[in-house]
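**Student:** We have chain Z; now place chain W onto it with these hints.
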Amino acid sequence: MLADFNFRIIFEYLPLFLTGLRSTFFISGVSIMLALVTGTIACACRISSIKMLKYPAIAYIEVIRSTPLLVQIYFLYFGLPTLGIRVPEIQTGIIALMLNSGAYIAEIIRAGITSVDDGQIEAGVSSGLNYFQRMRFIILPQALGATVPPLLGQSIVLVKDSALLSLISVMELTRCGQTMTSERFMPTEAFLTVAFFYMCIYFCLKSLADWSQKKLIFREAY
Amino acid sequence: MIEFKHVNKWFGKLHVLDDINLDIDPGEVLVICGPSGSGKSTLIRCINRLEPIQEGEIIVDGVPVHDKKTNLTKLRADIGFVFQQFHLYPHMTVLQNVMLAPVNVKKMSAAAAEEIAREKLTQVGLTDKAGAYPIQLSGGQQQRVAIARGLAMSPKIMLFDEPTSALDPEMIGEVLDVMVNLVSEGMTMCVVTHEMGFARKVADRVLFMDFGKIIETGRPDEFFDNPQTHRAADFISKILTH
Chain Z
24 MLADFNFRII FEYLPLFLTG LRSTFFISGV SIMLALVTGT IACACRISSI KMLKYPAIAY
84 IEVIRSTPLL VQIYFLYFGL PTLGIRVPEI QTGIIALMLN SGAYIAEIIR AGITSVDDGQ
144 IEAGVSSGLN YFQRMRFIIL PQALGATVPP LLGQSIVLVK DSALLSLISV MELTRCGQTM
204 TSERFMPTEA FLTVAFFYMC IYFCLKSLAD WSQKKLIFRE AY
Chain W
50 MIEFKHVNKW FGKLHVLDDI NLDIDPGEVL VICGPSGSGK STLIRCINRL EPIQEGEIIV
110 DGVPVHDKKT NLTKLRADIG FVFQQFHLYP HMTVLQNVML APVNVKKMSA AAAEEIAREK
170 LTQVGLTDKA GAYPIQLSGG QQQRVAIARG LAMSPKIMLF DEPTSALDPE MIGEVLDVMV
230 NLVSEGMTMC VVTHEMGFAR KVADRVLFMD FGKIIETGRP DEFFDNPQTH RAADFISKIL
290 TH
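Residue numbers (the working numbering), protein chains in the order written: chain Z, 24 to 245; chain W, 50 to 291.
Incorrect hints may have been included.
[As the list claims (entries may be wrong)] Calculated lysine-lysine pairs in the DSSO-like style (CA-CA distance at most 27 Å, straight line):
no., chain 1, residue 1, chain 2, residue 2
1, W, 54, W, 117
2, Z, 74, W, 205
3, W, 205, W, 123
4, W, 54, W, 118
5, W, 62, W, 123
6, Z, 77, W, 117
7, Z, 183, Z, 229
8, W, 118, W, 156
9, W, 117, W, 155
10, Z, 183, Z, 237
11, W, 117, Z, 74
12, Z, 77, W, 118
Keep in mind the hints are simulated off the structure, nothing from the lab.
Just chain Z, same shape as in the assembly (with noise of 0.2 Å):
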């Protein structure tokens, strides 16, 4: 059945591939950045008790997580040109991913800080310390160790999502794909040399999520 595969081909078109695969990191490796601040801001005003905040921040939340990733970026896509925002395809893409991934943060980080003993705030208040002393000293420092492999989870999510950005035409590892589907009609080669290109990110990502997991387990247990 390999003997079916034309591997030369891949070689042929193995520059596109590496473009597409630089792209994917890029448009990846900004998305989940922003995506950590939008998360981080939108869980502070989650567990807010300012009505103004707490409020748009479920609206926020639950909306990105109650439509698929494909609706999003198809309404950015077509939506911001019609409100008058024009903005090339890659950063719609970026756009997208960060609004999405960003609520999936926000809740990471907010099962990290109530995961958080209550009786360790209930210490942290009977000693005198205020509510911004508490969260830096004593629930911060404890909720972020727990989130940290949770966030390479969603990293990983978020590359793979990446791909849907080839249906609005970036031009990123899936959409290589398709333009040498398109180019030259070898669908099985093409998919299975993206589908390598993705696994090897996604060990990446999968080996720095184990290291750091075993480093957290060993600091907790020192």
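**Tutor:** Okay, now just chain W, sitting in the frame of chain Z:
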């Protein structure tokens, strides 16, 4: 020092504190006992406003605790609280645990706070554990660190919420010794506990609660040997026979 005036508190429909009136003098050691769910923990948690109250007034050292204008930071800095489950900060060393509030609430320099922290750790007999993490310590040692953490703020009052209930029997003594030591220094203390030996030895007054009410108060010997109410007698017989 601490004054309860007609304090009422409800958890939903449950009347957890039912018209509590209580006066605690400076330097007094008050032991609070009663069956589980009787409101004794809630009572002391209201003193530093870990819990809100719905009616009445609590005055600590002249300050109305549940007044909106009260400076809670200052109030809480003057009241040490020791929990049943210790609640040490697991990501900090023993020394950092004890230093955190003096540095951040009292705005002490790190050097001054460390000096006090080491002094308090010596007082609870844990000088050599300053660099350890809580998880490396036994329950008794953790609770002594928690006491040192409270003392580092030089509080006027120390509150203890069942400080020995989560400990293995052989560790109870070391924690009680530290507390007895505190009594001899003249600290004002409210202790929720069923350690009768401790109560007999150091308490000025024992307070027995049930269903959110103060059922009986008295000197420890009188209370344990000759309880005035049927309910207190029943309770004492139960904790004695196990």
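**Student:** Determine for every hint whether it applies to the structure shown.
**Tutor:** Results for each hint:
no. : hint          : result
1   : W/54 / W/117  : holds (17 Å)
2   : Z/74 / W/205  : violated (38 Å)
3   : W/205 / W/123 : holds (12 Å)
4   : W/54 / W/118  : holds (19 Å)
5   : W/62 / W/123  : violated (32 Å)
6   : Z/77 / W/117  : holds (24 Å)
7   : Z/183 / Z/229 : holds (13 Å)
8   : W/118 / W/156 : holds (22 Å)
9   : W/117 / W/155 : holds (22 Å)
10  : Z/183 / Z/237 : holds (25 Å)
11  : W/117 / Z/74  : holds (21 Å)
12  : Z/77 / W/118  : holds (26 Å)
Violated hints, listed in ascending order, are 2, 5; each of the other numbered hints is respected by the structure.
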